[in-house]
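Enquirer: Each chain, letter by letter, is given below.
There are 2 protein chains.
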Amino acid sequence: MIVDVSKKILIVGLGLLGGSYAKVLKRFGFHISAITLEQSSIDYALREGLIDEGSVSIDERLVKEADLVIFALYPHVFVEWIEKNQHLFKSGALITDVTGVKGSIVYKIQEMLREDVEFIAAHPMAGREVSGVENSTDKMFVGANYIVTPTEKNTPEAVSTCMELGRLLGFSNVTTLSPEEHDEMIGFLSQLTHCIAITLMTCNDKENMERFTGDSFRDLTRIARINDLMWSELFVANKPALVEQMDLFINKFNDLKRMLEQEDIEGMRQMMRHSTQRRALFDKK
Amino acid sequence: MIVDVSKKILIVGLGLLGGSYAKVLKRFGFHISAITLEQSSIDYALREGLIDEGSVSIDERLVKEADLVIFALYPHVFVEWIEKNQHLFKSGALITDVTGVKGSIVYKIQEMLREDVEFIAAHPMAGREVSGVENSTDKMFVGANYIVTPTEKNTPEAVSTCMELGRLLGFSNVTTLSPEEHDEMIGFLSQLTHCIAITLMTCNDKENMERFTGDSFRDLTRIARINDLMWSELFVANKPALVEQMDLFINKFNDLKRMLEQEDIEGMRQMMRHSTQRRALFDKK
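Chains as they are written, first to last, in numbering that gives the first Met the number 0: chain A, 0 to 284; chain B, 0 to 284.
Calculated directly from the structure, the hints in this document are not laboratory data. Some hints here could point you the wrong way.
Which copy is meant is left open, so a pair is good if it fits within one copy or across any two.
[Stated by the list, open to error] Here are the computed lysine-lysine pairs in the DSBU-like style, where the Cα-Cα straight-line distance is at most 35 Å:
{"id": "1", "residue 1": "Lys205", "residue 2": "Lys138"}
{"id": "2", "residue 1": "Lys138", "residue 2": "Lys238"}
{"id": "3", "residue 1": "Lys7", "residue 2": "Lys107"}
{"id": "4", "residue 1": "Lys205", "residue 2": "Lys25"}
{"id": "5", "residue 1": "Lys256", "residue 2": "Lys63"}
{"id": "6", "residue 1": "Lys251", "residue 2": "Lys283"}
{"id": "7", "residue 1": "Lys107", "residue 2": "Lys205"}
{"id": "8", "residue 1": "Lys107", "residue 2": "Lys256"}
{"id": "9", "residue 1": "Lys256", "residue 2": "Lys152"}
{"id": "10", "residue 1": "Lys256", "residue 2": "Lys83"}
{"id": "11", "residue 1": "Lys107", "residue 2": "Lys83"}
This is chain A alone, in the form it adopts within the complex (with noise of 0.2 Å):
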């Protein structure tokens, strides 16, 4: 479907993704539209060619008209618009979104969903530390992961449509998960990360130690400057995966302390050993 560029594509919530999809999918020809809250995003995208047309309103016309629709929102607020717009939808629509959570969305979502619409999730694994649409860019997915989260319920076409559409992107890979692996590994590599910055940042309020800061503490708290509205929200809609995550790392931390007080030099040599080892696999290719 997507390769066909006479299909009309709507983003819902025109922000940094939204506004970057929008940038990657014009190039292509596609007609965009976008609705989202701002006049002033809408303007923006409209003088920068990123969208066709555009509404701070939900215009029936412009969900009517769209054979694909890309949700860009939160959680809660991606939830909210299906319960109350889905009757727009033109039959046979596919849906997908950018949500950083899944397993609490997604079957909550294709549950409630029309029967002649489709729902594939998708996770951009892509961002940078400034938000808006103004600071859109068609250079953000090289080199990031494209995710695309299918259930029981989709069809093969809307998965190979949702990947075609990551690739479409120019993220550098396009894959597939079940929403329970995605959640456990984005509870691991990104919301435990974050947890455990934003805790080093609080942990001591010691004053002028930023005088002495290297590197390393910066490296490890640079991601401590946070959105709290959307990633305490994320963080709830993964609960049991980012708890279960915490678990793990309490459990290792815990270890490391009672091998230094007991002065465990061999059991702290191995485990540093172990972490050398490890952090090689993870070396940018």
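Assemble the complex: chain A is given as a structure, and chain B must be docked to it using the hints.
Expert: Here is chain B on its own, set in the frame of chain A:
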């Protein structure tokens, strides 16, 4: 004393740090000698003009002639060296070091040292992910901190000479802390961050995680590639301060986990805002 380039400097332990000291100080015209374990290190340093002479044994003449002796050894090797060889120091010699922990080293050495020789401790907070004299560089100290940790046993002259050494080496910030303040600071900013990185790297061995890794996880685990011999010794040498910092971290991390379990969104957002504000202090100036 330092500004007088007719004085002779001996560096004991010619690795990355010792070699980098030599490289910078040689440029000022000092006579530099070195004692280290490997002949290949001496050969390299002579060939590259980092030192004037060197030995792999405790060459009595080199020690007896030195006005300033800089120790760049592992903590326990440093202490043993002083025990065995301090009778060789020239009367009036000044001793300094590069050891990354202070409380467990400084008092011990000052206690055992001859009355006519002074030990003023310093910690150059600089390093690279590579080691050995072959990786020496005269650029490593720009932007970095050099911390002198005087005690009641030190003379004001020794403190200012040591601070002048730090400035000659090119450190951007030269300052003093008590050994205890130093150990708390280093326990938090450096050792705790390494504990976190190696824990994160080893707490979940699930396969294929590296396929989905992004910059956040890579940033938090860069220092998980670690010299196990050196860091296990440094951890134990700073045990009380490091355990205290680990406890601060664990308590805060458990607070966050409790808020997540109770879905206390407002509590989590408050912690994230605190983290965001505090991180701004630590930006590179």
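Enquirer: Please name the hints from earlier in the document that this structure breaks, with their numbers sorted from lowest to highest.
Expert: 4, 5
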